[in-house]
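*Asks:* This is what each chain is made of:
Protein chains: 6
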Amino acid sequence: MPELTSFGESLLRLATPPETPLETTDTLDVHVGGAEGNVAVAAQRLGIETTWVSKLPSTPLGKRVTSTYRSHGVSTAVQWDEGGRLGTYYLEPGSEPRGSNVVYDRGGASIRTATPDELPIDPIVNADALHVTGITPALSDTLASTTERLLSYARDNGTTTVFDVNYRSNLWDTKTAAETLGGLLPQVDVLFVALRDARQVLGYDQGPEAVARRVTDEYDLELAVVTQGEAGALAYDGEAVVEQSTIPTETVDAIGTGDAFVGGFLAAWLTNGTLETSLKWGVATAALKRTITGDLALVRPSQVERVLAEDPPKIDR
Amino acid sequence: MPELTSFGESLLRLATPPETPLETTDTLDVHVGGAEGNVAVAAQRLGIETTWVSKLPSTPLGKRVTSTYRSHGVSTAVQWDEGGRLGTYYLEPGSEPRGSNVVYDRGGASIRTATPDELPIDPIVNADALHVTGITPALSDTLASTTERLLSYARDNGTTTVFDVNYRSNLWDTKTAAETLGGLLPQVDVLFVALRDARQVLGYDQGPEAVARRVTDEYDLELAVVTQGEAGALAYDGEAVVEQSTIPTETVDAIGTGDAFVGGFLAAWLTNGTLETSLKWGVATAALKRTITGDLALVRPSQVERVLAEDPPKIDR
Amino acid sequence: MPELTSFGESLLRLATPPETPLETTDTLDVHVGGAEGNVAVAAQRLGIETTWVSKLPSTPLGKRVTSTYRSHGVSTAVQWDEGGRLGTYYLEPGSEPRGSNVVYDRGGASIRTATPDELPIDPIVNADALHVTGITPALSDTLASTTERLLSYARDNGTTTVFDVNYRSNLWDTKTAAETLGGLLPQVDVLFVALRDARQVLGYDQGPEAVARRVTDEYDLELAVVTQGEAGALAYDGEAVVEQSTIPTETVDAIGTGDAFVGGFLAAWLTNGTLETSLKWGVATAALKRTITGDLALVRPSQVERVLAEDPPKIDR
Amino acid sequence: MPELTSFGESLLRLATPPETPLETTDTLDVHVGGAEGNVAVAAQRLGIETTWVSKLPSTPLGKRVTSTYRSHGVSTAVQWDEGGRLGTYYLEPGSEPRGSNVVYDRGGASIRTATPDELPIDPIVNADALHVTGITPALSDTLASTTERLLSYARDNGTTTVFDVNYRSNLWDTKTAAETLGGLLPQVDVLFVALRDARQVLGYDQGPEAVARRVTDEYDLELAVVTQGEAGALAYDGEAVVEQSTIPTETVDAIGTGDAFVGGFLAAWLTNGTLETSLKWGVATAALKRTITGDLALVRPSQVERVLAEDPPKIDR
Amino acid sequence: MPELTSFGESLLRLATPPETPLETTDTLDVHVGGAEGNVAVAAQRLGIETTWVSKLPSTPLGKRVTSTYRSHGVSTAVQWDEGGRLGTYYLEPGSEPRGSNVVYDRGGASIRTATPDELPIDPIVNADALHVTGITPALSDTLASTTERLLSYARDNGTTTVFDVNYRSNLWDTKTAAETLGGLLPQVDVLFVALRDARQVLGYDQGPEAVARRVTDEYDLELAVVTQGEAGALAYDGEAVVEQSTIPTETVDAIGTGDAFVGGFLAAWLTNGTLETSLKWGVATAALKRTITGDLALVRPSQVERVLAEDPPKIDR
Amino acid sequence: MPELTSFGESLLRLATPPETPLETTDTLDVHVGGAEGNVAVAAQRLGIETTWVSKLPSTPLGKRVTSTYRSHGVSTAVQWDEGGRLGTYYLEPGSEPRGSNVVYDRGGASIRTATPDELPIDPIVNADALHVTGITPALSDTLASTTERLLSYARDNGTTTVFDVNYRSNLWDTKTAAETLGGLLPQVDVLFVALRDARQVLGYDQGPEAVARRVTDEYDLELAVVTQGEAGALAYDGEAVVEQSTIPTETVDAIGTGDAFVGGFLAAWLTNGTLETSLKWGVATAALKRTITGDLALVRPSQVERVLAEDPPKIDR
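Line order of the protein sequences matches chains V, D, P, L, X and Z. For the first sequence, the numbering used here assigns the number -16 to the initial residue and increments by one for each residue that follows. For the second sequence, the numbering used here assigns the number -16 to the initial residue and increments by one for each residue that follows. For the third sequence, the numbering used here assigns the number -16 to the initial residue and increments by one for each residue that follows. For the fourth sequence, the numbering used here assigns the number -16 to the initial residue and increments by one for each residue that follows. For the fifth sequence, the numbering used here assigns the number -16 to the initial residue and increments by one for each residue that follows. For the sixth sequence, the numbering used here assigns the number -16 to the initial residue and increments by one for each residue that follows.
Treat each hint with caution, since some may be false.
Facing chain V, from chain Z, some residues (calculated, C-beta under 10 Å) [claimed, not checked]:
| id | residue |
| --- | --- |
| 1 | T49 |
| 2 | Y52 |
| 3 | R53 |
| 4 | S54 |
| 5 | G56 |
These are calculated hints, taken from the structure and not from any lab test. For glycine and all other residues, C-beta sits at the position ideal for the given N, C-alpha and C.
Given only the sequences and the hints, what does the whole structure look like? Please build it.
*Replies:* Dropping the structure here:
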């Protein structure tokens, strides 16, 4: 079975019921979020052996994170920290036109001090692929340096490096992001990038296909996947360009959609799926994610297959 | 007041919250389901005196079933079983494209051993109408035989027999179903059948009106009602053919829609409603059911009337 | 900061979960409702200093009302009553075609005996504006008289009087309402009236603009705002007529929409907003209200601004 | 099977979670309470055919009451009222030293206008026993008169009359109560009275046994049961005096304990149980009630038997 | 009405259900805690006009704090901070021998940078009394200095200064605490100190009465109150020594007991209650607090009076 | 790190809220139970690497079981079954004298057909210890035979065999149990037996110490632990006899206490703890379990240490 390792920050997600503001809610629903863990869970549930690497505070909140991932089959390799805290985000989900509102409280997280020396390296150098995102280098200078080193270790050991740009304007500005990413992308084999990020951060002002071709050339990528939100996604592997539209959903919770896409894509691609199949698994997993509360794509392979079937049956009875 | 008796299996329905899979849910919502009980509750609430006949395990779970039906006014006539169990089904409701998922756990249910001798017969032979469905004979050979005997008793005593085909591919194949139903239909006065079942099980490949006419001729029916899901329903009483489209709904829970239709239809028809009125009450009850969680159509006559009114008012204040 | 005082009845709102009828629900969600308090909370949260004046039973339920309003920043000036009760309404929210159902239980409420002598007058005569609705004079003869006296006190002290017709057919018939309102309107400076009420109660059968002009002339108003539900609203200040359409919403709870509109409108208008801005704030607050459970518009100014922005961002991260 | 009919008021009980005051609770738990209905449910569940007679508002809240009783097997015979309301009480359960707090809101209830002519009389004159309490005549002059007439009807038709004094200082003073009860007790066969009420209302200042003997003599009773709260109960049937101590409990909800005692006692006594057995069933049912939230004694005969067993087993597995 | 102002940190309290660890809980209950706010709420509800002064992040979480206090009648005077965060603590309540477990996450809180210049001073210099605790100077050097300045301002303006030692070993060691408190106590008029803190921090090794006398002499106090947990409390005003034992409780939530004691004591003492009365109100409020979930003493004066009554009645009905 | 493997049945546990009977509950709380899984989770959380071996239906309910165990760090080695079902038990927790009531629904479970050939053997033959209980051979003849074979495999490969008698009268009678256990015990190294089971099943009528000595001699045990419920436990290793009393608890949920004892004992004993230490860890883990809802002992080593400390601190702050 192919193996995938991801490295990054996870946060406690504390959400109000959909119709209730933070000022008046009596309860908060507890979930665990974080792009890399989201990808790991989606991929594991869809058939890839995954390991999540990180640094966490040695508190019941930190254990909550590993407990959650383990319950979905993901292995965890964690450097436990006596001092730091677990990043948190508060979510007020809301229907339109109120929309969802997020209050971040992620300063001082343990992972911000993670160095390559203290992190478990085995799951990275032994995996078939390593997944990191642009969120991690944005969190601290230490993490920017650590991210570069881990990508480098992976490459040196034959592990395919997968990078999702995932620009976050709350964490850094486009100029700093561009500089840092410029240093990381030469270590990358497979790139996921939103068309919007390609424009704002990488400075590409073309259409999606041209962006995919250009970034592949510029960084000598094995594969580039350009996503456009509801307009679908496009993959280019140096030869073919394949496009895939999204699947209509009754959305319950949109957070984690992009990560579900990556997890579904990789689950197919790492088992030698074609670009077509991988894109389909990506959009199907993303669509299923949107029907589930929480950041995690708690889907089963049979559900992906049902979504992609020509004529999905109603309730089976 | 006209009287209706139904006979069949009820199950405990254990449902996750809509956004949560069975693997992670902390709670299950408890309801009682089962086609014949669903029909009984709908009809009773809409003005018919109904009795539900069955065999149940003599446990708090079995009592739960009668307690639920009684709370809605239905009388219960039950053979209590010391040994068997209560069939159960687990429901994961989900929005599209995930859809709802059902895990059946109905093996070994007490009713599967029910014989005509042990069941209370009075409520059947004294009623104006007896309602059974094709689910019951599918559950065991004993029940196939019992169903036939009860239909026969009813007929012999002047009770109108109502049969809803309700084919369930989880319980038997179309061939076995066709054979068994072939033996039962000659005892039937009023038939409800989905167009899909008419095709798959009865082997009729015509349109709905032709199906209604043909089945009426073939089995000398008093009335045939052919349903087509969202495409509405059609009734034929040997003279007139009446069609009725469905009513648009914001669906909360689709399970039990068909039974609500039958219950609403019978509530009107058994009080000498016309075919037009009966179909309207059927589709209105079905539409209302879809706005309520659980298998039961917890509707009031005033709500049916409001739905069927030309210009329903907003909140009355 | 401008000051607004409102006077009227508040009720305990006890609501079932959306999919559950009153006959079977195990829990009721507790909220506080009442048109004038709804307006006060919306205006206070959007930047106006507001005070709510009323008479309440001296019980934990009565204190619940002031506690709720105070938590949103509203000051409360209450005559405590040893004997009466708190009006209550039971709500069964439902999706279509079931719709929401309200069971009123508001007889014998303490406020029905409120006289001008016992009520706190300072917050009325010192405010910039006094808000009352047509619900209050409908509740009792005493209150009809009290309402007239309070409007008169306000006017005599330079407080702008704001009146929302809010006809309730459950409380009185159109003839009685027309007579009573005919006595009150000469004391009114700013009138809010639904087009439907203008027709049924005031007997105007023109279009909205003509109604606004006619009622302004007839009662020498400073400002008339005519609302038309989903068709938007229109304001006329003796010079200009300004129209505003509503904002599409995914509605969670429609109760209180009209009050949110008034609260949002007044928040802008009392801070010297133009008619255009005031109408925009009205419809934006109303739209936001519909995404929140409960009668109260628990919105923040930043949310109103987001709704009115040309290109509102997605989740900010 | 012996038959018992009870007549009286039922109320909606709306309770906060145990640790939360009414001013801040977000939810209320819904139950149905009322002494006579409590007795009916306890007796029915323990094997007596019972009917509850009353007058209720024709609203979903009124239906809630009959739905609840019917779910426990009790038959209901109700005069539906278009105009009145359902009495309500709010409960703040609390541990010591806070204690539980009740806010009554029972004015204007439909039953207060119930006359003998409009009530269903069959279930009263045909029963083996009729149960009423001193709460009912306290609610209105009409009900005082109605209670007397119903007791008289019962007696005239050979139905044993059972009366529980149940003095409520919130409803009337001891002097009025004494006068009214003085008129009713001559119609009574079986009397339940708390020692405290015997002292405060009936003016007996002796010990429990003397009270039982004196009241039996004075009103020519068939049976007198004197209860003393945690000190147990005592029965006198003109011959023997039998005493019974209470059973220790971990109390979850004390409301309804006395009614559970009466229901358990009558369940045994009406099936020809001895005084000893009847008292034991009374105290066991009362003890079990205290472990269940809500006014109703949702117990099973097997649980009563387990409580009264010499050496009750632990969990049976 | 006497006025009390308190100054200090408030935290978001996120608690699991009592039987569930943080690693597995699906929900957290939201409350607001913090010693000085707890005292303010208790005193306000018991009849003192109180104001709470602090610095909070300008987020919905910060607004939650003022919303909570305002709902209980407390005025809030807050410096809003654009940058910091709200301190949080996670609570796992547990019965014995597991006990309750707290995970603090209070680093980086906005209040840690609060200077006298930016805080609202009016509510401090105009109050009858100012309440601060030893937690505040422990949070940062800035706050140690600010605390001293506020005590000094208060004294200079005739406001009685009330100080509760409240030593927290998580925040500082006893040596640092002793030094800092040594600088603050000369500004204090009324001192609350746990006997344990008097020993560990102040270095007094006598019994409670001797401690009260010695600390009064040493710092020229107007009043010293020494608390001993379940062993009760003792007050010394330079003349009399009064002792008071605690009141037995069925404890639901012990957090905030000490603050409830101070709030109840001050509510009596600031209205010229005797030492005896003030101590009684302190222990009664503390006992009532323990029956309520959350840090706040949501009690009513009538409940304090009931607890202190000779023969408290059962449920009043 | 020492390794422990357990083999046995797990069940879905569906529990009502403590105060609500199965007939009326609206929700059920979902947990996973089963003696061997309970032991595995306790031991894993306290520091032993554990693996749970079983056969489960290939449904979301079956996955729920592995997901739960994995979330607590336990590895799972499962034979997935396409056909069977997951055993279930319904729990009505109740305080005294009602007590808790269990309704078993465990017939037809997948594990009942588990043969040695289809089960994963590696985790058994490679572990330091194998844990099985007397429940497993009671479930079916196949399992009795499988249990014997697995014990034999373990012994042959140097794995210490641990057996907990755990007699269940619902599953078999004492005579059959005695015969079957007589065939298994010669394969056992470490025996846990309740004194009551030693008497009823093994026929030993001595005191606990004599039982421990006799059973050790008779079956050539390495270690015998005799438990006596609240009276504590006793261990005999062929040399010393050590006794340990239980720790007082405020019990929330007693189910799983015995398994927590075994898990805690083994966690210490397998890391070379003395008999004294192992018994202490057993009783401490058992006491902590009783404060947590669910069958699992969700404890942390620090909590065990706190319980065993001389002077456990209050909340650490």
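*Asks:* Next, verify each hint and record whether it holds.
*Replies:* Going down the list of hints, with the structure as the test:
Below 10 Å, beta-carbon pairs count as interface contacts, and T49 (chain Z) has one with chain V at about 8 Å; its hint therefore holds. Annotation: interface hint on Y52 (chain Z) holds; nearest CB of chain V at approximately 9 Å, less than 10 Å. For R53 (chain Z), the suggested interface contact is upheld, since its CB lies about 5 Å from the closest CB of chain V, less than 10 Å. Interface hint at S54 (chain Z): satisfied, since its Cβ lies 3 Å from the closest Cβ of chain V, which is below the 10 Å cut-off.
Using the Cβ-Cβ criterion of 10 Å, the hint placing G56 (chain Z) at the interface with chain V is satisfied: the shortest such distance is roughly 7 Å.
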